[in-house]
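*Asks:* Please model the entire structure based on the sequences and the hints provided.
Chains as they are written, first to last, in the working numbering: chain U, 131 to 434; chain H, 17 to 315.
Treat the hints with care, since some could be wrong.
Stated by the list, open to error - Derived DEER-like restraints, expressed as beta-carbon distance ranges:
no.	chain 1	residue 1	chain 2	residue 2	range
1	H	Ala142	U	Phe203	51 to 57 angstroms
2	U	Arg240	H	Leu79	48 to 54 angstroms
3	U	Phe270	H	Phe299	34 to 40 angstroms
4	U	Ser291	H	Gln195	45 to 51 angstroms
5	H	Pro229	U	Leu225	27 to 33 angstroms
6	H	Gln195	U	Phe337	34 to 40 angstroms
7	U	Arg236	H	Phe61	43 to 49 angstroms
8	U	Phe270	H	Gly54	45 to 51 angstroms
9	H	Ala73	U	Phe203	39 to 45 angstroms
Please keep in mind that the hints were generated in silico from the structure rather than gathered at the bench. Each residue gets a CB set at the ideal place from its N, CA and C atoms; glycine is no exception.
Letter by letter, the chains look like this.
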Amino acid sequence: MRPRHGATLRGLRRQEELTAWLFVAPVALGILIWQVYPVLYSLYVSFTAWNFVSAPRWTGLQNYTQLFASDQFFSAALRNSAVYAVGTVVPTVVLGVLFAVILNSRIRGRAIYRTLYFLPNVTPIVSIAIVWAWMYDSNFGILNFLLKLIGIAGPRWLGSSDWAMTSLIIMDVWHGLGFSIILLLAGLQSIGAEYYEAATIDGADAFEQFWHVTLPLLSPMTFLVLILALINAFQVFDSPYVLTQGGPANATLTLVLYLYNQGFADLHMGLASAVAYCLFVIILVLTGLSFYLQKLWVFYEEGQ
Amino acid sequence: MSQVKDRFLGSGASRPILLRVGARKLLTRGVLHLVLIGILVVMVFPFYWLLATSLKASGQLFLYPPRIIPNPLDFRNYSDLFSLVPMGTFLFNSFKIASFLVIGVCLSSSLAAFAFARMRFRGSKALFALLLATLMIPGQVTIIPTFLIMHVLGLIDNDAALIVPGWFGTPFAVFLLRQYYRTIPSDLMDSAKIDGSGFLRIYWSIFLPLGMPALATVAVFTFLWSWNGLFGPLIFLNSVRNMTVTLGLTFLFGRNGSMGVGWGIIMAGALLGVVPMVVLFLFAQKYFVQGLAKTGLKG
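*Replies:* Written out as C-alpha cells, the structure reads:
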C-alpha cells in the first residue's frame, strides 16, 4: 500500500499508533484502576490495621502471624475450603468425563439432554440455595422423605455440623456440573475418528477404547476443567453465605466468607486483606502445581 | 447404505447374527437412555420443586407424604411476595445494572480488542500480557481497594458502583473478542484502508458487525454474571430500594426462610430470579456453548 500525497509512511504509522492507544485507553486505564492499583493497595493494607474510618496503621506481619498462629477461625476456614475443593473438584471432573462420554454417543435427543444438564449453571446460586434448603429440610424436605422410602433415616443436613459441608458440596456440584460437561463434550468432539478406527482394527473393545484412546486424548480438556474447578472452589462464597452463614459451629466457614465477615461486617480491613492474599497465594500455588504435575497425566497430540 | 439394507433384508445365512447384534444395540441404547433420563431427573427436579412449592398454599407445604403436584394451584404466594418486598424494583434494578454493564463492556472491550487484533502500536504485546495476567487475580483480592474507590467517588449504595468498572472493559471480553477478530480476513481491512476509511470506521462498519457472534457471547455472559452475582451487590448496595434480585432474595430468605412460614413466598421470589436466565439461556444457547467451547473461560 502506498502512502497518500503529503503523508509519509512514518506519519501513517504514527497516526495508527496514536489511534490504537486511544482505542485501548479505557481498557488500559481500567487495568490500572481496577486491577493493578487494588492488588498493590490490598497488599499494603494486609500489613496494617485499618478500620476504614481512620488511616491505616502499619503493623508489619502481625495480621499474618495472627492468622497462622492463633486464629482458629482462619484455620477452620482453610480446612473447610480444602475439604470443599476436594469435595467439588473430584466429582466435577469424574462425573463430568463420565456424563460427557455417555452424552457423546450417537443417541437421539442429545441436544435436549445437553441443554437441560447445563440449565442449573445459568441460574443464580441464591435461588438454587433457597430451593435446596427446602429440599434439605430435615422434617419436611423431599430428600429425607425419599431416603425414608428406602429405609434410611436422613441426616439433619444443613442443621448438622457433620453434614452441612456435604450438603453444600452436593448442591454446588449439581450447579456446576453442566459447565464441565459442555467443555468436555467439546473436547470429545475434537478427537479424530481415525483414532477409534485404528483401535477397532486392533481389536480394542469399548472399554479399552475409552481407557487408551478417549481418556488420553481428552486429558488436555480434563486438565482445563480441573484447573477451573479448583480456582472456583477456593472462591466459593454465595452458597455458604446464603445457606449456612458459615455454620453450624463454623463447619462451612470458607476463606471468602471469613474474608467478608472480617472486612465488611467487622471492618477489619487489614486482616481481611491478609486473608485475601493467602487466598491469592493458595490459588497461584495450586494452579502452578497442577501445571507442573500435568506432564504426568496430560497427553498432548504432536503439533499441539 | 448397503449395510443398513443388509441388516434389514440380509441374506439368509447372516440374518440370525445380525439380528442378535441389532438386539444388543437396542439394549445398550435403552440402558443409555435410562441413564441419561436418570441424570436428567436429578438435574431438573429442583427446578420443578421450586415451581411446585411456589404454587402451594402454606397448608400444603408440610403434608406427609409431600404432595408432588400442587392441588389446588395457589398463586397467593406471588401476590404476598409483591406486598412483602418491592420485588418489581428488585427485578428492575437487576435488569438495569445488567443492561448498562453489557453496553459498557461490549463497547470498550470490542474497541480495545480491535486494536489488539489488527493495529500495530508500541507496547501492544506488553499490555496484552498484562491483561491476561489480570485474569489470574481473584476478585476478592481487589474488592477492598475497589470499595475504597467507590467510597471516595460517593458511589456506595449506588448501582453505578456495579456498572462503572465494566465501562473500562473486562479482560475476559477483550481476550475473547480479540481472538475472534483475528479470524476476520485482513484483506477486508486492507481494501477499506485503500478506500480511505479510518480505523474507527473500519472497526464500526466491518469488525463490529462481522464480530457479532463473539460480541453476543460476551453480552450474554456479562448479563448472566451480573444477574446472578451476589458478592458485588452485597458489598456495594445497602438500601432496600437499590437491591438486586439476588440481594433482595438473600435479605428475604435470611428473614423468613428458616422460620418455615415463608417457604412458599420465598420460592416465588427464587423462581422469579431463575426465569429470566432460563429464558435467556434457551434463546441464546448457541452463544453459551460457542463461548465456552472456544475459550474455556469463566469469570
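*Asks:* The structure should be examined with respect to each hint, and the outcome stated for every one.
*Replies:* Outcome of the hint check:
1. H:Ala142 <-> U:Phe203: 51 to 57 angstroms: Distance hint for H:Ala142, U:Phe203 is violated at roughly 41 angstroms.
2. U:Arg240 <-> H:Leu79: 48 to 54 angstroms: This hint is violated: roughly 38 angstroms between Cβ atoms.
3. U:Phe270 <-> H:Phe299: 34 to 40 angstroms: 36 angstroms, holds
4. U:Ser291 <-> H:Gln195: 45 to 51 angstroms: This hint holds: roughly 46 angstroms between Cβ atoms.
5. H:Pro229 <-> U:Leu225: 27 to 33 angstroms: Holds - the Cβ-Cβ distance for H:Pro229 and U:Leu225, about 30 angstroms, lies within 27 to 33 angstroms.
6. H:Gln195 <-> U:Phe337: 34 to 40 angstroms: For U:Phe337 against H:Gln195, whose Cβ atoms are near 37 angstroms apart, the range 34 to 40 angstroms holds.
7. U:Arg236 <-> H:Phe61: 43 to 49 angstroms: 27 angstroms, violated
8. U:Phe270 <-> H:Gly54: 45 to 51 angstroms: Distance hint for U:Phe270, H:Gly54 is violated at roughly 25 angstroms.
9. H:Ala73 <-> U:Phe203: 39 to 45 angstroms: 42 angstroms, holds
Going through the hint list in order, the structure does not satisfy hints 1, 2, 7, 8.
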